[in-house]
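In case you want the letters, here they are:
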Amino acid sequence: VLVVDDDRDMLEVIRGVLEDHGLTVETATDGIHALDLVDRRAPDLVVLDVTLAVGSSRRVADRVHELPGAAVPMLVITADGHAPDKARELGAYAYLRKPFELVDLLGAVWQGLGRTSGSD
Amino acid sequence: VIVRSFGTDAITSWSRGAEELYGWTATEALGRVTHDLLRTQFPDSKEAVDAELRSAGSWAGELVHTRRDGQLIVVASRQAVQRDAQGLPTLTLEINSDITPRKRAEESLRESEERFRLLVESIQDYAIFLLSPEARVVTWNEGAQRLKGYRPDEIIGQSFTRFYTPDDQVAGRPARLLATARAEGRVEDEGWRVRKDGSRFWANVVITALRDDQGRLRGFAKITRDLTERKQAEDARARASREEGARVAAEAAQAELRASRDQLAAILSGVAEGILVQDRHGRLVYANDTAAQLCGFPDAAALLTASIPEIVGRFEVFDESGAPLPLERLPAQRVQRGEEVAEVLIRFRVRGGSEERWSIDRATPLRDEHGEITQVISILRDVTERKWAEDTARFLDALNLELTRSLEYEETLRRVAELAVPRLADWCVVDVLDERGRLTRLAVAHVDPAKVRLAEELSARYPEDPAAASGPPRVVRTGRSELISEITDAQVVAGARDAEHLAILRSLQLRSMLIVPLHARGQVLGAISLVAAESGRRYGPRELALAEDVAVRAGLAVDNARLFRDAQQQAATHVELNAALRTAMAQLKQELQTRDDFLAAAAHDLKNPLASIKGAAQLLQLRRARPDGLDEHQLGAGLERIDAITTRATAQVDELLDLARMQMGRPLDLNRQPIDLVALAREAVIEHQQRSERHHLSLESQVPELIGRWDGRRLARVLGNLLDNALKYSPDGGTIRVEVSRDDGPPGVGVLTVEDQGVGIPEEDLGRIFERFQRGTNVVGEIAGTGIGLASARHIVETHGGSITAASRSRRGATFTVRLPLQTTDGVDTWERGA
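So the protein lines, in turn, are chains A and B. If you're matching positions, the first sequence starts at 1 in the numbering used here and goes up one per residue. If you're matching positions, the second sequence starts at 1 in the numbering used here and goes up one per residue.
One should not assume that every hint holds.
Claimed, not checked - Cut-off 30 Å, straight-line C-alpha distance, at most; resulting in silico cross-link-like pairs (DSBU-like, lysine-lysine): (1) B/K614 to B/K589; (2) A/K86 to B/K607; (3) B/K103 to B/K46; (4) B/K103 to B/K196; (5) B/K196 to B/K231; (6) B/K614 to A/K86.
It should be emphasised that the hints constitute simulated quantities derived from the structure, not laboratory data.
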């Protein structure tokens, strides 16, 4: 799972909960680093913060959709009020508004990966 | 004075005058629709008036209004439209004055003219008709039809020459008579005239030229009387006297005349008209007392014993226009020479200062049986009073017209002074009280401009003493008029300040004067002075009454003008207030919008740390719930993280509060402490280096430490913002150089520069990137940002008394330079000196 957010603390929390549940996590604090990881590591799922300080989330999303093979699901997280619109624009399958419950995040990630929530 | 909203016509202002005129109080009238309340009858239609107000901005005319008591009144109405800043009409000002009495007077004048016309038309013994200036018949009465045989439809429009015999027509008699009438105003003629059927009659004809106020010829009135019978009788008598007993008849007549003369003299002496009889040599043979008094003698006996030069030298005679009239042009003299004379209007005054009198002088010859003139009877009718009444009425009419012409009261009063000269006075002076209660000269009028200048010089050199016991100061002080019928030399001497002043005053020949107070709004506004000098006029109660009347009218006009001005100013103030209010509302709306935006942004920014804290806490809970539980290390790291986020969130809240202060234009409350700029820069560089692997951050410093009294947390924020930007706007990475140096001044300044190798800033944007919400045109839409960071940095630096500047070569990176004074400029700080 690739997690992109310019808030380092948020990245570490998400990494913690996903790794606790047996997932391999890569993180990026800016769009440019994220593009590089998308290309190099071909993630199975991307968690993307809409408002990035450096590099646009749009470009990250486009690059994710351009990946060969089956479509890579993308989960959008954001603190701003236009989450549903942003999620639709970026082609995400779900969105979460900050602050969110970690169990909701886990549920959404399982859903994206095609597993049943709480099967672990 | 009524003010009403344009369009709805709802009354917004209703003056005291309106209450008195209409009987409605302001409370009752306000908010009502003007034309409903007053049941206005418009000359044409309300729409026509509104249309003119909208297009021309003003309207004037007469309206019929209904008062509260139901009485109809006619008002002269002047209306003007006020417009707002956009030029849209907002209010209509309406000033109405009651002209009902004048309208009634006009009505009765029209009625009396109508009666007179009917009278003329029905007169049967005289042919009375009017001719156009080209001598064509315009009207035709009963008498004319009877006398000359033409019906109106046969004669109107025809030339009047057809009434004359062919001989007279050839000789040009009709034209000659008209020429005389045109030149002298009136001509009388006797001779044969011709009827429609060709028969002749002996006619007495009087033709009078009709002129309008401006002296233009409007036509002629012609009165013709049939004297055929008298002519035949005279002819018969002449024949009889030639044939026989002429002398006997004449002597009988003479005797009869002598017998009745004493009786006649007794009657004539008491007659109001002056009667003078001269013999064929011009000697005065009879005068009645009235005539003697007119000529300046106590009674008839005194006049009859005086010599001719004595009588002639006693008075001066003028014609109607005021030009000297030679005695040989008086009717009696002209009759002696055999001329036919009509009445002559003359003005005369007894030498040595009495007032001027007007008289109609008519002379009639007495002839003997041979037709020789034996005596000339002159009848002098004193028309001074009538003339005065006419002149006064004309003057007041002219005055009323002038008073409505201007709404500037200074101008109005100047026109009053000009009108008074020379009709009422040789000099007219208007003084008014200024706002400080001092009497100032507003207008001086005299027919001779040189004299006006002289008067202005005089009043500048010898200003009026406000405490003077007479003159304008006293009249203004007491509010009572002053009349000096006869100015004595002693009074002139008393009024003079020095010998030169006296000489000038004497040269002015001041004869008589009167001063009346000018009231407006129940207060004395000033005084009008009328002075008689070279004209020899003397003022009495009659002139005083007239002058007071003039002052009342002028005062009313001043009141009106001031009310109008006040109303206009009030309306203008309303418009200004409205505009100011609208601007304030727009600003307020803008500020509220800014605050809303700010709150939304603040909430968004705070949600990120809250989300992280919540996430960190939940992660701890989730781990505690697992079978293997939570280890000490994880617990410590989690709590540390929560603590660190909270610290950063607090800094963020501080920053938001500073931003709020900046947006509301309030200064920052600096928490100055000794701060080492080098250490501060080092911490910032280390922290930001951790955020990026693509960038290399370096710090260079010429000095090991650079200490000033600054607000450390805020300077850290400045550095943080500059480094955030350096990272953000060099997306491809590169070196970011931070340099700290000391500029020893004076004054001593700490200098901090941050240089990157990023996208740079276009030169044209350098001037505005420190403004709120302004960003480089090359990054908008490319790299996210709010346009607040640099504005906030500048706010902090400038509050410290420093400056921040940017330099850039586009696409080759940007350099920001911050200069901070080491010493505070407010003088409070002594730390540097003490150290």
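Each hint tested on the structure:
1. Distance restraint check for B/K614 and B/K589: the Cα-Cα separation of roughly 36 Å exceeds the 30 Å cut-off, and the hinted pair is therefore not satisfied.
2. With a C-alpha separation of about 17 Å, the suggested pairing of A/K86 with B/K607 holds against the 30 Å cut-off.
3. Distance hint between B/K103 and B/K46 is fulfilled; the C-alpha atoms sit about 22 Å from each other, no more than 30 Å.
4. Straight-line distance between C-alpha atoms of B/K103 and B/K196 comes to about 45 Å, which puts the hinted pair past the 30 Å bound.
5. As the CA atoms of B/K196 and B/K231 are separated by approximately 21 Å, the hinted pair is consistent with the 30 Å bound.
6. Of the supplied pair hints, the one linking B/K614 and A/K86 holds, its CA atoms being roughly 23 Å apart against a limit of 30 Å.
In summary, the structure is inconsistent with hints 1 and 4 from the numbered list given earlier, while agreeing with the others.
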